[in-house]
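Undergrad: If you want the building blocks of each chain, they are given just below.
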Amino acid sequence: MNDKLLVILSRIKTESGGELKGEITLETDLRQDLSFSSLDLATLTAEIEDEFGVDVFEDGFVYTVGDILKKINK
Amino acid sequence: MILDLNRNFNKTYDEFFSSMAEEKTCSNVVVYDDFISFYKKLILSILNFNEVFVFDSINERNQKEISEITLDPNFVGSWDELVSKITSREVMINLLTSGTTGKPKSVQQKLSNILRFVKLKQSSSNSNWLFCYAPSHIAGLQVFFQAFLNHSTITYAFESSPIEIGKVLDQNVITNISFTPTFFQLLIPYLDKKYSKVETIAFGGERLSDKQLISAKEKFINAKIRNLYAATEFGTILSSKGKGFQILPELKERVKVVENELLVHKELMGRIGDTSSEWYKTGDLVEFIDDDTFVFVSRKSEVINVGGYNVSPSEIEEVLLKLEFIQSVKVFGRKNTVLGNIVACEIVLQNNKLNDHEELKRQIISWCKNYLTDWKIPRKISFVTELSLTKTGKVLING
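First to last, the protein sequences are chains F and Z. Positions 1 to 74 (my numbering) are the ones given, in order, by the first sequence. Positions 1 to 399 (my numbering) are the ones given, in order, by the second sequence.
These are calculated hints, taken from the structure and not from any lab test. We treat Cβ as the ideally placed atom computed from N, Cα and C, and that holds for glycine. Honestly, I wouldn't trust all of these hints.
What the hints assert, rightly or not - From the derived model, a few chain F residues whose C-beta atoms are all more than 12 Å from chain Z:
hint	residue
1	LEU5
2	ARG11
3	THR25
4	LEU26
5	GLU27
6	GLN32
7	SER35
8	LEU39
9	ALA42
10	LYS74
Unchecked claim - DEER-style ranges, computed between Cβ atoms:
hint	chain 1	residue 1	chain 2	residue 2	range
11	F	ASN2	Z	GLU159	45 to 53 Å
12	Z	ARG226	F	GLY60	29 to 37 Å
13	Z	LEU268	F	VAL7	54 to 62 Å
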């Protein structure tokens, strides 16, 4: 699991008034498991773009942490 | 007296007048080099050509064709004759806009429009104007002629550092100041005292925030503060003592608000290309606070669409500026594949302190949640040492 990505996910959750709970795996769903709103996803896109230089939503939706990692590691 | 603070150079009005009378030629193209020389050339051009072109630099002049004429040694005449000639000449002046939201464009204005609100008053010869606008743009021309035609002292400070300007203000000789809100904002850290001799402050060129207005009242304790609404395309058309504006009675038929956008009749306009429309859309959005008074909300082009919600950057800037550790801020939209745009901001901290930025971001977001709906809360916060400015001293909106 990419530590920088975990930090980003945690920060977004904290800023929206929540907390990252439980283990984060490749199958963790951003909406179902982490309760990310559209705004959270929009922020996530921007943060990942700044950190990794990749717009993970450019080619379509991503659903899980694993989907994000695939795009980052391409 | 005309003083160029940056170059430590000055001329009395007699010297300025004599140097104009000594010129052998003048041209219809005036390029800015230094303050005193520029206005000498501009006045000569106004007196001798029906159309004058003004540029900030040689690069901008490009291929503009120059016409030059030989001057009659006695053409200037007396001071009163000079004032009379300038105020009665039918001259078209071609100027560049400030380029706040894009590439500067050329606008043609009648000299009489530029001089529209210049008042000739005998008492003004004792005034000392702190001149803080770009000399070759419309605001600069308006301030120059207001001071010059009244024989007031002009202290040119646009190119000077805030430290130098602070020192001049400390001498307590300045009576009138004209600047953009951003220019004033950058000065604030260097204003240690209360400046009792300043009689008038005129803000223009940008939206004036509540915080800036309060700071101005605190520093310039005896000053009448005016907030001017003007553009290169139509000059000054509105004035206000605070944030609320009213359309001047004499302009009521030529300025109106339609669907919250300020429109100006082509009679007030300079020539900017397509003049087929009777009304010019300024792109400035307003909100009425009573039947006659409105405040500016934002530029239409600045409105950020976040997932279908329209967000005004100025509303967010006002909220952020309430935080004591923030000196200045620029809010803008950042393109986003999920929502179209998200709200982003660049922040200059007070005294540019090195702080725990992550902790500050948490405080900022927490603060914003008290005042703003989710869509309006900045999702991307950057700390910068200074905001990008245009060459006329305004915050660059799309930079």
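Undergrad: Compare the structure with each hint and give your call.
TA: Results of checking the hints against the structure:
{"no.": "1", "hint": "LEU5", "in the structure": "holds, 17 Å"}
{"no.": "2", "hint": "ARG11", "in the structure": "violated, 8 Å"}
{"no.": "3", "hint": "THR25", "in the structure": "holds, 23 Å"}
{"no.": "4", "hint": "LEU26", "in the structure": "holds, 21 Å"}
{"no.": "5", "hint": "GLU27", "in the structure": "holds, 21 Å"}
{"no.": "6", "hint": "GLN32", "in the structure": "holds, 17 Å"}
{"no.": "7", "hint": "SER35", "in the structure": "holds, 14 Å"}
{"no.": "8", "hint": "LEU39", "in the structure": "violated, 6 Å"}
{"no.": "9", "hint": "ALA42", "in the structure": "violated, 4 Å"}
{"no.": "10", "hint": "LYS74", "in the structure": "holds, 16 Å"}
{"no.": "11", "hint": "F:ASN2 <-> Z:GLU159: 45 to 53 Å", "in the structure": "holds, 49 Å"}
{"no.": "12", "hint": "Z:ARG226 <-> F:GLY60: 29 to 37 Å", "in the structure": "violated, 54 Å"}
{"no.": "13", "hint": "Z:LEU268 <-> F:VAL7: 54 to 62 Å", "in the structure": "holds, 55 Å"}
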